[in-house]
Structure formats: C-alpha cells, structure tokens
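Spelled out from the first residue to the last, the chains are:
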Amino acid sequence: MLEVTDHSTLSQTLLQEVKTLADRFQQTFGRIPSFMEVCGSHTMALARTGVKKALEGYVRLISGPGCPVCVTDQVTIDAMISLTDGVNRIICTFGDMVRVPGSYGTLMQAKTEGKDVRVVYSPVDAVRIAEQHPHQEVIFLGIGFETTIPILAAAVKEAEEKQVRNFSMWMSTKLVEPILRQLLHDGEVALDGFLLPGHVSMVMGRKHFEFLATEYNMPAVISGFEALDMLSALRHLLLLSLEQRAVVLNDYKSVVTEQGNVQAKYWMNHYFTLCDEAWRGIGVIFDSGMDFKSEYNQFNAKVKFPIPTREPRRTKCRCGEVIRGLIDPPQCALFGRACTPLNPIGPCMVSSEGSCAAYYQYMREE
Amino acid sequence: MERITLAHGDGGELAHKLITDVFVSTFRNERHAKFDAATFALGTHELAVTTDSFVIKPIFFPGGNIGKLAVAGTINDLAVVGAIPKVLTCSFIIEEGFPIRHLKTVVQSMAEEAKKTNVAIVAGDTKVVERGSADGLYINTTGIGIISHPLERNMDEGDSVIVSGSVGDHGVAVLVARGELGLVSTIESDCTSLYPLVAKALEASQRIRLMRDPTRGGLATTLVEICEDFGVTIELEEECIPVKREVKGACELLGFDPLYLANEGKVVMIVPKEDEQAVLDALRSQPEGKDAAVIGTVRATNKGQLLLRTPLGTTRRLYRLTGLMLPRIC
Numbered sequence: 003m004l005e006v007t008d009h010s011t012l013s014q015t016l017l018q019e020v021k022t023l024a025d026r027f028q029q030t031f032g033r034i035p036s037f038m039e040v041c042g043s044h045t046m047a048l049a050r051t052g053v054k055k056a057l058e059g060y061v062r063l064i065s066g067p068g069c070p071v072c073v074t075d076q077v078t079i080d081a082m083i084s085l086t087d088g089v090n091r092i093i094c095t096f097g098d099m100v101r102v103p104g105s106y107g108t109l110m111q112a113k114t115e116g117k118d119v120r121v122v123y124s125p126v127d128a129v130r131i132a133e134q135h136p137h138q139e140v141i142f143l144g145i146g147f148e149t150t151i152p153i154l155a156a157a158v159k160e161a162e163e164k165q166v167r168n169f170s171m172w173m174s175t176k177l178v179e180p181i182l183r184q185l186l187h188d189g190e191v192a193l194d195g196f197l198l199p200g201h202v203s204m205v206m207g208r209k210h211f212e213f214l215a216t217e218y219n220m221p222a223v224i225s226g227f228e229a230l231d232m233l234s235a236l237r238h239l240l241l242l243s244l245e246q247r248a249v250v251l252n253d254y255k256s257v258v259t260e261q262g263n264v265q266a267k268y269w270m271n272h273y274f275t276l277c278d279e280a281w282r283g284i285g286v287i288f289d290s291g292m293d294f295k296s297e298y299n300q301f302n303a304k305v306k307f308p309i310p311t312r313e314p315r316r317t318k319c320r321c322g323e324v325i326r327g328l329i330d331p332p333q334c335a336l337f338g339r340a341c342t343p344l345n346p347i348g349p350c351m352v353s354s355e356g357s358c359a360a361y362y363q364y365m366r367e368e
Numbered sequence: 630m631e632r633i634t635l636a637h638g639d640g641g642e643l644a645h646k647l648i649t650d651v652f653v654s655t656f657r658n659e660r661h662a663k664f665d666a667a668t669f670a671l672g673t674h675e676l677a678v679t680t681d682s683f684v685i686k687p688i689f690f691p692g693g694n695i696g697k698l699a700v701a702g703t704i705n706d707l708a709v710v711g712a713i714p715k716v717l718t719c720s721f722i723i724e725e726g727f728p729i730r731h732l733k734t735v736v737q738s739m740a741e742e743a744k745k746t747n748v749a750i751v752a753g754d755t756k757v758v759e760r761g762s763a764d765g766l767y768i769n770t771t772g773i774g775i776i777s778h779p780l781e782r783n784m785d786e787g788d789s790v791i792v793s794g795s796v797g798d799h800g801v802a803v804l805v806a807r808g809e810l811g812l813v814s815t816i817e818s819d820c821t822s823l824y825p826l827v828a829k830a831l832e833a834s835q836r837i838r839l840m841r842d843p844t845r846g847g848l849a850t851t852l853v854e855i856c857e858d859f860g861v862t863i864e865l866e867e868e869c870i871p872v873k874r875e876v877k878g879a880c881e882l883l884g885f886d887p888l889y890l891a892n893e894g895k896v897v898m899i900v901p902k903e904d905e906q907a908v909l910d911a912l913r914s915q916p917e918g919k920d921a922a923v924i925g926t927v928r929a930t931n932k933g934q935l936l937l938r939t940p941l942g943t944t945r946r947l948y949r950l951t952g953l954m955l956p957r958i959c
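Protein sequences, first through last, are from chains A and B. Sequential numbering from 3 applies to the first sequence in our numbering. Sequential numbering from 630 applies to the second sequence in our numbering.
There may be inaccurate statements among the hints.
[Said to hold, decoys possible] Once the Cα atoms are required to be at most 27 Å apart in a straight line, the calculated DSS-like pairs of lysine-lysine come out as: (1) A/Lys117 x B/Lys686; (2) B/Lys646 x A/Lys113; (3) A/Lys55 x B/Lys877; (4) A/Lys113 x A/Lys306.
[Stated by the list, open to error] So the derived label-pair ranges between C-beta atoms look like this: (5) A/Val257 x B/Arg657: 54 to 60 Å; (6) B/Asp650 x A/Pro310: 37 to 43 Å; (7) A/Lys304 x B/Glu759: 35 to 41 Å; (8) B/Glu857 x A/Thr275: 50 to 56 Å; (9) A/Glu260 x B/Asn931: 54 to 60 Å.
It is worth saying that the hints were derived from the structure and are not from the lab. Glycine is no exception: its CB is placed at the ideal position from the N, C-alpha and C atoms.
Build the full structure now, drawing on both the sequences and the hints.
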C-alpha cells in the first residue's frame with residue numbers, strides 16, 4: 003500500500019520517465035512531440051497540477067476544442083442573451099454562461115438590470131422551477147458535449163412525464179468526433195496524438211474513438227484527471243508514438259468501458275438528432291451537434307421563441323485560434339490586459355474549463 | 630451604468646477593488662486597517678473592534694446556523710488580532726413572516742456560542758422589513774476585545790505557515806445544504822469560535838507573527854493578502870495542506886478549488902521556525918486543531934507573492950479569488 007507521502011515520489015518518478023521518453027522521441031524524430039488534450043477539464047488539470055509546466059521543452063501540450071462555453075459561437079451567445087428581452091421569462095443556465103460576453107453585454111448584466119436569470123447546476127432543476135412558476139416560461143440554455151447531452155435528455159424526459167408545458171430548452175450542443183475529424187482534416191496543427199476526455203468517453207465508450215487510429219493513423223489515450231492519471235496517459239502516448247503504433251488505449255478503466263453508457267446514449271438519441279452546429283472560430287460543421295427531433299418541438303425554445311440572428315460585433319479576441327490549437331493564450335494581444343477573468347472579452351477567459359482562464363489562473367508569470 | 634454585482638461580495642478581487650475605491654478612499658483614516666478587526670488605544674487599554682453582517686443561505690446548515698456563525702465569526706476576527714473577546718452587540722433584520730420558532734433557535738445558538746468564550750451580548754437592535762425585502766433573516770454583530778498578545782507582524786525568511794485544520798469544509802457544507810447541486814454529503818461546516826484554540830497557541834509561543842481566519846476567498850486569498858500587505862513571499866506545499874477527501878471530491882465534481890473555499894473555524898498562523906513544534910502541539914491538543922499542519926514557509930521578505938509547490942516539484946503563483954461566484958456563504 004502506498005502512503006500519501008509517496009504520492010509525490012511516484013509522480014516525480016513517472017514525470018522523469020515521461021521526460022526520458024520525450025527525449026528519445028526528440029532524438030528519433032528531430033522535434034518535440036505534440037499532443038492535444040481535447041477536454042477543457044484536462045486543460046485546467048494539466049495547468050493546476052503543474053504537469054504542463056514540468057513538461058515545458060519536453061512535450062508540447064495543445065489545448066483542444068473541448069470546453070463547451072468556448073466553442074459556442076458569438077451568434078448563438080447573442081441569441082441566448084436576447085432571450086431575456088421577452089416578458090414573463092425565466093432564463094436558466096450553467097454558471098459559466100452568465101459571464102460570457104455577447105456583442106452587447108452578458109446574462110449577468112441582464113440579471114443585474116432585473117431580468118430573471120438563474121444559475122442551476124442541473125437542467126432538471128430548471129424543470130422544477132418551471133413547475134413552481136406555471137405562468138412563466140422557463141428556458142434552459144443547453145450547451146455541452148456528450149457528457150451533458152444525456153443530462154439534457156433527462157430534463158426533457160422529466161418535463162414530458164410531468165407534462166410541464168412552460169419548459170423549453172435552447173440547444174447548442176457539440177459532439178467530439180466531428181470536431182476531431184475537422185481538425186485532422188484541416189491539418190492546421192501538427193499532432194502526434196490525443197489525450198482523450200475521460201468524461202465524454204464514460205458516455206461514449208472507448209470504441210467510439212477507434213476512428214482516430216483506423217482512419218487517421220493517430221495514437222490516442224483516454225485519461226483521468228489526476229496528475230498521475232495524466233502522466234501515465236502521456237507515457238502511453240509517447241510509447242505508442244515511438245513504436246509508431248496507432249492505437250486507442252483506455253487508461254481510465256475505472257470509469258470508461260468499451261461501449262460506454264448504453265442507457266445514456268439511448269436517451270440522447272431518443273429526444274435529439276444530429277444537426278449542423280456553428281463552432282467559434284471554425285464555422286458550421288455538418289452533423290456536429292444535437293438538437294430536438296421535430297416530434298419534441300414543444301420543448302424546443304428555438305421553435306417556441308424564434309430570435310432573429312444578427313451579425314455579431316467583432317473584437318480582437320482570438321479564442322477561435324486558441325480552441326483550434328493554433329496559438330497559446332498569451333499570444334493574444336488582449337490576454338491579461340484588456341481580457342481577464344473579471345472583465346472577460348472571450349469565452350475562453352470565462353469558462354472554468356477555458357484555456358485562457360487556465361493560463362491566467364495557473365500559468366501566469368508576472 | 631456600473632452596478633453592484635454578486636461578485637462584489639465574494640471576498641475576492643472585485644470586492645477588494647470596491648473596498649479600496651469606494652470605502653477606504655472616502656473614510657480616509659491614518660489607521661489603514663489590514664485586518665478584519667481594528668486595534669486602537671483607549672486610555673490605558675489596547676482594544677480591538679470588529680463588525681460583520683451575516684446573510685448566509687440557508688439559515689440552518691450542517692454544523693451550525695446563521696446565529697452561531699455570527700457570534701463565532703466576530704469572536705474569530707477579534708481572536709486573530711491577539712485580543713480576548715469581551716462584548717458583542719447584535720442587530721437583526723427580519724423578513725415579515727419569518728417563524729419566531731426559528732428565530733428562537735438562532736438566538737439560542739448565539740447565546741451558547743457566546744457562553745463558550747465568556748463573551749457577553751450587551752446591546753442589540755431589531756428591524757422588520759416587508760415580505761420580499763429581505764430573505765428570512767440577516768444578522769449584524771459588532772465585537773470588542775482587549776488586546777492581550779500584541780502580534781509582532783514582522784516576518785523573517787524561514788518562518789513557518791501553520792493552518793489549524795482542513796480547508797474548504799464550510800464552503801462545501803453550505804453549497805451542498807442549498808440542495809442546488811444535487812449532491813449529498815456528510816461534510817459539516819467547521820463554524821466555531823477560535824478563541825480557545827488561539828489562546829492555547831499564544832500560550833505556547835510569545836512570538837506568533839501573524840494570524841488570520843481564512844473565511845470568504847479561502848486560504849489562498851487570505852495568504853495573498855498577507856503577502857501583498859506585508860511584502861513577503863510565502864511558498865506553500867500543496868501536499869501538506871489538509872483537505873478532507875469529501876471536500877476534494879465535491880471540488881472535483883463542481884470545478885472548485887478547496888484553497889478558495891470559505892472556512893469558518895480555521896486559523897492560519899505565521900510563526901518562527903523554532904516555535905513551530907510548540908504551536909503545532911498546542912493546536913493539536915484541542916479538538917478543533919487536531920489536524921493542524923505546517924503548510925509552507927516564508928521564503929523572502931520583499932516580493933509579495935504566494936507560491937504553491939505541486940507534488941511534481943513545479944511551482945505556480947496563486948492569486949486572489951477571481952470570478953467564482955458563491956454568494957451568501959456567510
């Protein structure tokens with residue numbers, strides 16, 4: 003049995019091993035290995051635990067498009083904020099969303115000015131609020147990846163069973179597979195492999211990511227979120243890269259299975275269907291999100307409350323390039339100056355999973 | 630128009646800016662308060678005075694209620710400047726319709742908490758506002774104490790940083806008690822009067838440099854303030870900071886950092902290295918201090934930075950709390 007005090011020794015040993023393998027990679031291929039962590043939680047965890055800093059000069063870790071707030075495009079955010087303009091409405095959403103700046107203010111400003119905007123931790127709570135306020139329309143802003151979509155489905159299921167008619171959801175969900183395909187197809191970032199999101203894999207299963215190996219010849223490892231988990235996954239990635247073996251490994255077996263959560267997948271496909279989604283800085287990607295099937299339009303806020311979309315106000319924010327892995331946050335002229343967590347200009351600085359916020363909070367040097 | 634947002638009340642960066650820009654600049658005073666309690670001489674006595682309002686939601690939570698919190702919170706602000714808490718005043722703002730039964734329970738806990746440290750509640754006020762103008766019950770308390778151990782406040786390189794127990798308990802307990810997270814946990818708030826514990830430590834060492842109770846903004850924000858106010862650099866050892874397993878778990882689920890979550894029964898002390906063991910032993914002799922630990926060291930006395938060494942051996946700088954909105958936790 004390991005004592006708690008051995009944790010540090012263990013992670014330092016593993017770190018050393020990763021560095022040695024990275025050195026060997028550099029000797030073999032003449033460059034530093036580049037891996038993309040797809041998930042925003044990994045971005046945060048890599049910065050918080052010091053793994054990213056410890057590997058500077060050994061492994062390049064590129065943040066991917068896996069933070070749900072960050073990849074939501076400006077037009078959608080503007081539309082969501084303008085939902086508060088209607089009378090007799092309660093807008094519910096996840097915490098980070100209230101601080102994301104649209105072209106003309108945030109949901110938080112709308113709340114401060116007296117609009118009924120509520121932060122909930124689960125969309126099911128929004129259904130409860132709808133039951134408590136039968137004469138008001140409750141709209142939930144549904145953003146998220148495969149980890150969140152089943153929870154959105156659970157809320158719709160509850161609303162359907164309880165016949166809650168004043169509840170609806172404005173969906174802007176995203177899927178991991180289409181964006182990874184897009185990134186690999188564009189080829190703007192040179193990658194040697196992927197650190198795959200533990201939470202999304204819990205729902206989708208390891209098999210779901212096989213296409214990375216079979217179609218794109220990319221090694222990938224599903225990882226947990228502790229320093230040891232991530233170092234172990236990076237070690238596997240380096241070994242696979244050195245052997246030039248394209249395999250998708252599950253290094254998070256305690257929660258991730260081959261097939262994922264069958265029940266969760268069933269319910270998301272029960273209410274929702276694939277749709278084209280607009281990604282910040284990338285554009286519309288075919289079948290890259292999920293929205294209501296037409297038979298559930300009574301819960302679809304886009305149908306119930308159509309909002310005219312308008313051209314968003316342009317800023318110098320480079321979140322679009324950050325989420326494509328093209329630049330690191332400090333390369334944006336606004337980072338840490340005009341754009342801080344207190345006064346964020348782009349979503350990557352707002353979100354608790356955003357790359358800019360991770361850099362600002364954990365890797366800022368002054 | 631600039632308006633007050635909930636973030637102005639979270640004890641972090643924006644709250645700090647509000648206090649500096651609006652209050653300190655207007656109430657200009659030669660005694661610039663660096664602590665929650667101010668110290669001053671009145672005749673031959675050195676006194677400490679502090680005031681605090683409590684708006685916690687929910688009013689009853691695992692480990693305490695708004696009344697216990699109000700009394701303990703004020704006693705703690707006095708205790709950490711080296712004062713013996715003596716008298717308290719309390720003022721109630723009550724919403725129309727609030728059950729008197731609940732008010733009695735709250736007042737009973739206030740009496741019990743005050744009795745533990747021989748503090749007398751000597752004056753008070755009651756206001757009732759229309760339904761909807763307040764949320765149940767708000768309490769303001771003011772406390773006066775007599776300084777028994779004036780603190781040195783001069784720190785040296787090599788001084789030890791000690792915390793009296795696990796951090797983040799109160800923050801998690803209150804958030805879970807609100808029932809908004811869909812979580813169930815056994816975590817109780819650490820809400821308690823620290824005076825007896827602090828008195829033991831002061832007996833053990835005559836040279837405690839500084840004490841603080843890390844409430845809103847958590848341990849990290851409190852230590853950042855110390856580093857900035859006194860221009861010292863402190864390096865914390867992440868692995869040495871006591872965090873309960875349940876708190877760690879809840880933080881992972883919710884994306885919080887335990888170093889930034891509120892405590893209501895913890896004290897952080899800076900002591901000379903030679904006195905480290907004596908203070909630790911004194912703290913650990915009390916139930917509230919059984920998990921006391923040395924968590925860091927004063928590294929340099931000029932830079933004003935709080936640093937954290939991770940188990941990997943890397944170091945990163947910690948800043949004040951920013952943008953984590955957890956309103957009404959105290």
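Checked hints:
| no. | hint | result |
| --- | --- | --- |
| 1 | A/Lys117 x B/Lys686 | holds (21 Å) |
| 2 | B/Lys646 x A/Lys113 | holds (21 Å) |
| 3 | A/Lys55 x B/Lys877 | holds (23 Å) |
| 4 | A/Lys113 x A/Lys306 | holds (22 Å) |
| 5 | A/Val257 x B/Arg657: 54 to 60 Å | holds (57 Å) |
| 6 | B/Asp650 x A/Pro310: 37 to 43 Å | holds (40 Å) |
| 7 | A/Lys304 x B/Glu759: 35 to 41 Å | holds (40 Å) |
| 8 | B/Glu857 x A/Thr275: 50 to 56 Å | holds (54 Å) |
| 9 | A/Glu260 x B/Asn931: 54 to 60 Å | holds (57 Å) |
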